[in-house]
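Asker: Given next are the chains, with one letter for each unit.
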Amino acid sequence: MSLGLISDLVLVLLVLSLAVWMNIARTAYRAVVGFVAYGLLMTLIWVRLAAMDVAMTEAALGSGLTGILLFGAASRLAPFEAAERARAPGPALRLLIGLLCTVVAAGLGAVVLLLPEPAPTLAPLVAENLSPTGLQNPVTGVLLAHRAVDTLLESVVLLPALIGVWSVAADADWVGRPSALPRPPASEALTLLAQVLPPFGILVAIHLVWIGADEPGGKFQAAAVLAAMWVLVMMAGLRQPPPVVARGWRELLVVGASLFIAIGIAGIWLADAFLAYPEDLAKPLIIAIEVALTGSVAVFLALLLAGPPAGAHRREV
Amino acid sequence: MNGTTLFGLGAAALVGLGLYGLICQPGALRKILAFNLIGSGIFLLFGVIAKRGGGALAAAGSGSDGDPVPQALVITGLVVAFAGTAIAVALLVRLAETAGRSTLDTDAQDASSLPADANPPGERLP
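If you read the sequences in order, they're chains L and P. Read left to right, the first sequence gives residues 154 to 470 (the working numbering). Read left to right, the second sequence gives residues 1313 to 1438 (the working numbering).
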């Protein structure tokens, strides 16, 4: 058994025990702590699977931002947990459900063991067709050239998601600011961190989006880092979340997808297809879309975290 | 048995554990966590398939170490999963504030404890 295989086995066992912990933890808060640790270990697994782009997204978004979202919800919902526990299914029913879930997992495991050999892959096709885009990073090439329509839909789907989050606000609260972010007690350490870290975070994000064309990185990773910096500043109380009626922020939200669509439509005349790029302009256009989407996605992620608008009476809570 | 297959089996177990939590946990927030666990297991399956595809490529001497198509899909999936979680959390917090409960049970006992107008202006829990 090689050293690599042993470390993989340890990783899998740790991740599985954290998944068990998320099921058995007594309070949602403890389960969320498990989830954040789980996300960080998943990041290591993605590195082991040679998926650096995914690893960065997992660390920033899957573990970090989702963790903040769930922490905020867990502290707000803590008063209801005693009533929840009374409704848990009995041991016999749990055993039955556990058995059936084991059957599902075993079926999936069998599929993994029976995957065809050699594995079907689109990688050679991507590698062949990467050079016309002028990019070096195949993942960015897939996201913005070969499967650009998926990426476009994904950046557009964030808009209905945010509208959905905002829509749960009561009418009277509509003019308020979002208040769902957890607000830890003010401390000098948090304030200092929120003052010192963001400049570095912004630099990292610029680096990620710039290097994303050729190396692991790109707009989603950069946007998640930017959103995390902004959320840190808001959680430390240095800045308030913007009111949802603020026009400038709303315009920033749609800039990325609008530019993407505009360039996509221009492609009908310039390159004979929607979302196709003229060959000599592919890389500058892709970088322009990446930069605009980074800004929009960062604002989307931060506002999704900040939650629906709430009235002034709730802001002190 | 290599590391990639091991991760694939782990992914299958994660889906099973998430499914168990989704069914057994009475609280909706715990269900959202379980939903994320299932999603994470499915993403990991994609990652395993991407790595296997890259392995074939590396054997052909191309040097790449993963199929970028499933990897790009996973990145898309992570962003959409975050958006879905954000909506679910917003709905749940609002449900708890207005109805005073955080489960999806709708039995008679529960319905009687609901206010007649589930969304009266100004009625919020502390």
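Hints listed in this document are in silico derivations from the structure and should not be mistaken for laboratory results. These figures come from a predicted structure and were not determined experimentally. Hints should not be assumed to be uniformly reliable.
[Said to hold, decoys possible] Just so you have them, the derived chain P footprint on chain L, three or more residues with Cβ under 8 Å:
1. 174 to 185
2. 193 to 205
3. 217 to 226
4. 246 to 252
5. 271 to 282
6. 337 to 343
7. 410 to 419
Cβ atoms here follow ideal geometry from the backbone N, Cα and C, with glycine treated the same way.
Asker: Each of the hints needs a verdict: does it hold here or not?
Answerer: A quick look at each hint next to the structure:
1. 174 to 185: This one holds; 5 residues, not fewer than the three required, reach chain P with a Cβ under 8 Å.
2. 193 to 205: holds (count 7)
3. 217 to 226: Per the Cβ count (6), the hint holds.
4. 246 to 252: With 3 residues close enough to chain P, the hint holds.
5. 271 to 282: It holds, with 9 qualifying residues against the three required.
6. 337 to 343: violated (count 0)
7. 410 to 419: Since 0 is below three, the answer is violated.
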